[in-house]
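Chains as they are written, first to last, in my numbering: chain X, 1 to 415; chain H, 416 to 740.
Each hint should be verified, as a subset may be incorrect.
As the list claims (entries may be wrong) - Only pairs whose alpha carbons sit at most 30 Å apart, straight line, appear in this in silico BS3-like list of lysine-lysine: (1) H:Lys-425 - H:Lys-731; (2) H:Lys-731 - X:Lys-160; (3) X:Lys-300 - X:Lys-249; (4) H:Lys-558 - H:Lys-425; (5) H:Lys-558 - X:Lys-160; (6) X:Lys-249 - H:Lys-558; (7) X:Lys-148 - X:Lys-160; (8) H:Lys-733 - H:Lys-425.
The hints are simulated quantities; they were obtained by calculation from the structure and are not laboratory data.
Note that the coordinates shown come from a computational prediction; the quantities given were computed from them, not determined experimentally.
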Amino acid sequence: MPILFWLRSPKTTRARYFDTSKGEKMKRTKNVLAMLLAIALVLCSCGGGNTADTGPIKIGVNYELSGAVASYGIDSVRGIQMAIDEINAAGGIKGRTVELVIYDNTSEPAEATSLAAKLMEQDNVVACLGPATSGSFKATIPSAQSNKVPVISASATADKEVTVDANGNVNEYVFRICFTDSFQGVTMANFSANTLNAQNAVIFMDSASDYAKGLAESYRATFEALGGNIVAEEAYVAGDTDFRAVLTKIKATNPEVMFIPGYYEEAGLIIAQAREQGIDIPILGADGFDSPTLADLAGKEALTDVFFSNHYSSLDESQSVQDFIAAFKAANNDVAPNAFEALGYDLGNFIADCVSRAATIDGEGVKNAIAETTNFVGVTGSFSIGADHNPVKAVVVIELNNGEQVGAQRVEVSQ
Amino acid sequence: MDVPRTVFTKRNLVWLAVCLSIYFLVFFLRSYGILGNYHEITIAQICINIMLAVSLNLIVGFTGQFSLGHAGFMSIGAYATSLALRSRPDTIGFLIGITIGSVLALVVGVIIGIPTLRLRGDYLGIATLGMAEIIRVVFLNLKITNGAAGLMGTFRAANWTWLYLLTVMAVLAINNFVNSSHGRACISIREDETASEAMGVNTTAYKIIAFAFGAFFAGAAGGLYSSYFYFIKPDLFGFLKSIDMLVIVVLGGLGSITGTIISAILLSLLTTILQDFSSVRMIVYSVILVIIMLFRPQGLMGTVEISHVIDKFARKDKEDANTVS
């Protein structure tokens, strides 16, 4: 510690670079005192919670309602709210209503950590839903583990260190109800080899995104294991707009399918330019393709023979999906639900189902009920929770023809 | 050990007592369960913000060098600590990481400071902004930092003791620096660079010292952040993070450590309280900033320190006593 004292040279008096009149000084002193008082008041005003067995069942909602990825959070919460409203209208769970405690984590992981602790310790929720993105969801894991309250995400698709930690141990209180990024790669590889009967595939990936890297790796591994060849692997960087040179190179390798792990902004342009150059093979992608902007960028003509994997399709003919779409449209000015809204709706129903099955309505009971889930039927498919706390779920592969979704099939692959 | 006689003065002992009583107050409130983990998170945010803002105040407030790159230094400390904790998840790993991170931030501060500190005002702001972006993009593309997906911590080494200890050390070191002859050299640069150069102050050297010193503590704050909040990714250390710190400094008063501490506490508490009103949160926060800036354009404290106020009172009492007798 001597260094801390050394820095102040011993014999100097304190520098004064201010001089104020007496009145001002008094005013400042008062201001300081007022501020200290305010701080003291704030620190004292920490409230306690209650754990009554008859009141509403509280479920925490910790989502990105503002900030960089606000649209994911807002859509998810819309879905969750719809599901919970339906449950409350039907009489709640075991005669108790479900109350959502909704907070905005501003798309900041540290804020998500703070809110998870707030929900669990101050609001005494039995489970926390969200956040939507993997990073913020990861930031809530420590709170879940230490408070023994489960956290569930409907859209945190990162492969690593979500439900399973870096050492390979399952995080006991962490669950998700969506498949992982790499699982989509596995599914699309199976789809290429088995459904499209392709032997030679080319991967054209976004090298700046981990999402795309994960997809490309799992696709390559699975496709090669199924006996196919990856004849070329090319990369672009998000923001590129001209892909013609690379596409010429790709065309020369005579692939039978092209897999584009990445987002719709570039994928739309790639598809347009590929078709322009006469590359008329099937083009595959993952849920990054799921946006109306894809058709705007690629043009309707070009979006033929394009397949992408997704969580959900509005073309699914099962009764529950069509009911959900009808109800959603009625409540939202005839706008069809997107994948986040569908996943949010499933998450709301899923947590209600788990709470109703829970032996005790608290974090521990709900956690056990979640882990024991088998064959939950939702609009994004029916699933069971596996030993690694990921759902065992089918991926929907959507076919585009002239820019329209013409077919959707569920592809079951062991995870 | 040869300790100067000025160490155990009444003033230092009083401050030591104040620091220790704050520590034990929070410590006992924690152990009796009055302050839960949720409150500790808020306290952690306060401590980290104090370290960041006080170190930035040294650069912006005392030396007068407009820096928009503080988040870059913070990220160096954060990544170093996170990586150290991943290979060694215990307190030793935390201390190694935070030390390496802070020293690395200091070295980067010197390397970047030498060319950029020739610039003044807005130009320096833009240059430091560019520097922080470069650091961010490096972390975005390195394999060891796991790119855009970020790093997940495995062990929470930072607790109230470490948070408080490091914050007090940072504030103490910067306060002592500012009140030393070196600190006054820095202040003279802020007041008038040409004049201070004419008086024989090596302005370049002092600007770099202040910059590197600030960077060092920003690195330490980053280390605390990554070990407390587990998860870090390059996006967290963007331009907006630097602006957040600058807001705290300007609000507290450019050139007042007390003001910076008060505004860091106030703003962190404000964001926590506003969590319950998510829809109007940003509006209320911004309105409060606008109001404070309208009524206190010099910041909450201007350039006044709490110790100056106490000194003035003490001296006045003495004078009164003298006139009576």
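Restraint check for Lys-148 (chain X) with Lys-160 (chain X), where alpha carbons must lie at most 30 Å apart: Between Lys-148 (chain X) and Lys-160 (chain X) the Cα gap is close to 22 Å, so the pair holds against 30 Å.
Distance restraint between Lys-558 (chain H) and Lys-160 (chain X), which requires alpha-carbon spacing of 30 Å or less: holds, 15 Å
Lys-558 (chain H) paired with Lys-425 (chain H) [C-alpha distance capped at 30 Å]: violated, 53 Å
Agreement of Lys-731 (chain H) and Lys-160 (chain X) with the hint, judged by alpha carbon distance not exceeding 30 Å: violated, 64 Å
Pair hint Lys-425 (chain H) and Lys-731 (chain H), alpha-carbon separation not exceeding 30 Å: Holds, at roughly 18 Å.
Distance restraint between Lys-300 (chain X) and Lys-249 (chain X), which requires alpha-carbon spacing of 30 Å or less: Judged against 30 Å, a Cα distance of about 25 Å means the pair holds.
Pair hint outcome, Lys-733 (chain H) versus Lys-425 (chain H) [Cα-Cα no greater than 30 Å]: holds, 16 Å
Given pair status - Lys-558 (chain H), Lys-249 (chain X), alpha carbons within 30 Å: Roughly 28 Å between the alpha carbons, so the hint for Lys-249 (chain X) and Lys-558 (chain H) holds.
Hints 2, 4 from the earlier list are contradicted by this structure; the remaining hints agree with it.
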